[in-house]
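Asks: Residue-level listing of the chains:
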Amino acid sequence: MLGVPPMSTEKTPLNSGRVIWRSLEEKEDPSRLQAEACGSDVVKQHVGPQELFQLNRRKFMTLSGSIATLAGVEGCIRRPVENILPYTDMPEYVNPGVPSHYASVLNVAGEAVGILGTSREGRPTKLEGNPDHPTSRGATNLWVQSSILDLYDPERLQAPTTGGARSDFAAFDKFFSDKLNALRAKAGAGLYILTQPSNSPTYLRMRQLVVDKLPLSRIAVYSPAPQSAAREGARLALGAPAHAVYDFSRAKVVLALDSDFLGTEPGSVLANRQYSTARDMESSAGSPNRLYSVEPTLSITGSNADHRLRLPAQDVARYARALAAELAATGVELGQVAGAVRGSSVEGIPEPWIKAVARDLVKNRGQSLIVVGPRQPPALHALAHSLNRALGNSGVTVTYTEPVDAQEPENFDSLKNLVAVIEAGRVDTLLILGGNPAYDAPADLKFGDALKKIPTSIHFTSHLDETGSLTTWQVPRAHDLESWGDQQSTRGDYSVQQPLIAPLWGGRTDAEVLALVAGEPNWRAYNLVQGTVEKRGFRGELAWRRLLHTGIADTRFGAVLGTAPLRDAEIAAAVQKIGTGGPLTENTFEAVFTLDNKLYDGRYANNTWLLELPDPITRITWDNAALFAPSTAKKLGIANGDLVRITRGDVSVDIVAWLQPGVAAQSIILPLGWGRTAAGKNGNNKGFNVYPLRTLASPHFITGVTVAKLDKKYPISQTQDHDSMEGRPLAVDATLAEYKDTPNFPEYKTPDPAFGPLWKMPDYSQGEQWGMTIDLNVCTGCNTCAVACQAENNVPVVGKIEVARGREMHWLRIDRYYLGEDADEPEVAFQPIACQHCETAPCENVCPVAATAHSPEGLNDIAYNRCIGTRYCMNNCPYKVRRFNFLNFNEDVPETRQMQFNPSVTVRFRGVIEKCSYCVQRIEHAKIKARTEGRVRIRDGEVVSACAQACPTGAITFGNINDPNAVVTKARNRDRNYGLLAEIGTRPRTRFLGKIRNPNPELKTVKA
Amino acid sequence: MQIFPRSLNYLPLVAAVGVALLGGGVTFGIWYYFSPKNTQLGYAPEQPVPYSHKLHVGELGIDCRYCHANIERSQEAMVPPTQACMGCHAVVKKESPKLAALRASWTSGNPVEWVRVHRLADYVYFDHSVHLAAGVGCVSCHGRIDQMDVVRQDQPLNMGWCLECHRDPAPNLRPKDQITNMTWTPTPDEAATLAQSTLKGPEQCSGCHR
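Protein chains in written order, with our numbering: chain R, 1 to 1008; chain Y, 10001 to 10210.
No false leads were mixed into what you were given.
In the SDA-like style, the derived pairs of lysine to any residue whose C-alpha atoms are separated by at most 25 angstroms in a straight line are: (1) R:K927 x Y:P10171; (2) R:K929 x Y:N10070; (3) Y:K10094 x R:L85; (4) R:K927 x Y:Q10196; (5) R:K929 x Y:P10080; (6) Y:K10176 x R:V936; (7) Y:K10093 x Y:I10062.
What follows is a list of derived Cβ distance ranges for each label pair: (8) R:F909 x Y:P10012: 35 to 45 angstroms; (9) Y:V10124 x R:R645: 51 to 61 angstroms; (10) R:N875 x Y:K10176: 47 to 57 angstroms.
Just so you know, the hints here were simulated from the structure itself, not pulled from any lab data.
Since this is a predicted model, take the numbers as computed values, not measurements.
C-beta: ideal position from N, C-alpha, C; glycine also.
When you get a sec, could you build the whole thing from the sequences and use the hints?
Replies: Laid out in structure tokens, this is it:
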């Protein structure tokens, strides 16, 4: 058809017949996809957009006719008067037009991440990592980048409300102080406070103060994403709760047991950075690390693994015991634990996975690491500690620190006790500090019903959510970016959190509420933090300012726990009780609850950037889905988009099914955090709520759920097949052996063009020439760069229907490819793609109005005001990176949302094309700064594009390619570099470095 | 049967000529009357406080940078805050009725609502500091502000006008210490040195359009 070659299955020396596909439909019938995509760059979705939006041609004509008559003549010719409103009393050191940067710290997924906030005239517009902070080192993750949007969410609670009516802080403060006085008279009897786990020393100090001042009050701690298994496992092994602090940069072999350490687990920013140091061919001196992953779902970590074993979550313990038994048998000294791990069933576990992995771990003693995820029981964590110690990894790749909150109670027990007390009628006043327990507490606790029984309940919250709808008072809670506070990371790094803007709606921080409860006269968080800082030894104005300026204290806090012997007996006793069963039988299913890759536990449910970001693995937008293994789904007769009913006992949940390659055969993956009913107008009724299935007894995975296919379908908008590249090998990879044999392996697949350009090229050897290099070897597919680009460049959000039409606006997309014949056991490749800024760009010569032109520095410019919307350039781009504003996506933007827009970048109207600009506003700012400082040359590192700055692994480098010492030049001159589709002669400025896989020769791989 | 008189044979010709003339006329009219030279040049709106640059700059000799403090540091020249005015006018002419709006702003905390004279489209990103670093004087774009009672737009500020200078800045350059000097003219030596400048402003789209 039209001379387009079919999917590449030719056997070349470096292809070995590997099949590359993006979706199951494409894999099964590649020609169908080509036929559908013929001539257009939009592939029809599983359910057409017409079904989503009932407007056909006739209705449209009727509507447009009436609109035209109503519109009338707009305005007159002369532009309206524009006012300039200066300050009356200008603050010192403010330069209007020049952004300021403030160091702060956020707690993301349980770990402190140091940030630098870019603030324009007193409002923050962008967050970057703090290069001086050890847990961020200048990088961020998805949630840091998108938290700026949550700050400006217009649906945040704007005033205290009670009884459904809006009140104000004066009234609330009066009510609150009266209540507290009454409670203080009784030493706090009847006062209960439900909080979230915290790493903030100031907050913990206040908590202790409450316990001291009101000894009869009680504090419960709950989070739907607890790290309690890890804490309990460490307590089992070491005798006291501890944080396990990992150093992936020193691990040559990593075994992840149901652990998504590169994705949703705490510390993922630093983990990505460390992992990539060990993975990168240069920093690992040519011997990259090897990652084994054993998990039920295809997580980001699993997609980066060199070997992946898909096992139901309940079988991971079995596997770990079998591995430990093998290690003991080969001589690793496990003490009493060796006896405890024998005797578990190895059915369903391939033998090489036990023997070869054990051999690899032993071969790399002292440079290996076994990590366990939070879904697994504490005993497995304890076993991992024991194995790590026995393998000599303790003190090298894993160290133990005293937890910031040594007294944090066991997560689910704490909430269970609270509900019991509520049911017994002993709770007079309940304060809920953040969180949303009515939505995400284990369903059998019936927390929502219990809430209604309490006479006075006050929810300090950012939105009027499911919990707030049931409490008597709802009080605005300050966002992290508007609060004074502090954070101590698990490694002991202490940072002060300073607000980038005054609380937009006067919100209170958790520490302030506790201080008020304790009766502190100086209860403002600013004073509380200064108190903590002084107690920690930073006295005086200079020390305080230095702390605020750098964002990190120069001393570490929190004791490092030494290498005391592990409590073998306790570990052995606990390990004997896990992994005792056999594999799941063919008709038994296990439901596994996963923290959503984007919405986490549901707290980001109203964040449109995260809602619209295609899930890194499933590429679904605006919804979640129950993930089934393709073979299982076939057996059950389920196809993509079918609604299924998942039942546990007498509770069932209807959810749309999605076939996800890589899911364990008997597991059904249920992402948490969706289906909210009171998140805000963006997040309401998106996806399906699976929390009703979660119980106290099995909060992480449930064995024995039943699946029933319903006779309905549900439309899913996903970008998996969008911009399909017709099967050409684009994310080029090779095994380590192939790389050593042929270092420039990508050149054979996408060679640089043999012919010269068709027209005379400008002289690119002078001045600055901007280029980018993306190292696919260290890219983990986390999608942080995509959100960072959206934040920096005012990229709009289009909504579910428009995504179904192929009109998503992300300038930078991360393509996800599967490789291999087996739909159940794919290898995964990620490739970030943005405008390649081709030197001979096919888009530039087809624009009828020359709206897109090439700059002398190699950028492909776009002048939005000149674009008339022919979309010829979009058509001609072979990489399909141009985006068109089909609708006015910036219509009626709420005022607070407008505050986030980057003033250096145009906000585009309907009818213009936009695309990645290599962050030209940053380049121009750097040039302006250089010229005002009297120099002409821009130094390497002065200009960093938003994506490069956000990337936690350092996969993206950007800079001047004419500078031989620039990081980007050194990267692009490496042997495995290639240009995307280079053979067609576009001469892209973005070069990729091919991915290296490091398989263990003793284990089967996709290529074998 | 002829229903049309013979004279109508000339109708197509007349119509064509008429349309051409009309079209040309309309096009010329729009091109001329809608061009920035006509619509923007000379724009001198009334300001809420009748601030006279002729008095303050021309007669009193205040430098541009005393009020527009950010021109060397930022993209915006920054209209001064009320605080800058009150620096003198808390003492000088502190009862003057002309300054009533200014005093009201100072006591209430509400900004004075100045009317912007030099308006560029939202999609144009102009940066003052880099032009000053290059050596472009204030008078090159803003004209003889020191002779204006009411600030008037002195140059059309359209893209063509900007590009003229970007392509050949030498006639508009001056030594950095003469930037705010409204009456500076180069000596023959200075003129010769400046004429040799190879400096050029950006001529590509992204230089100003982001």
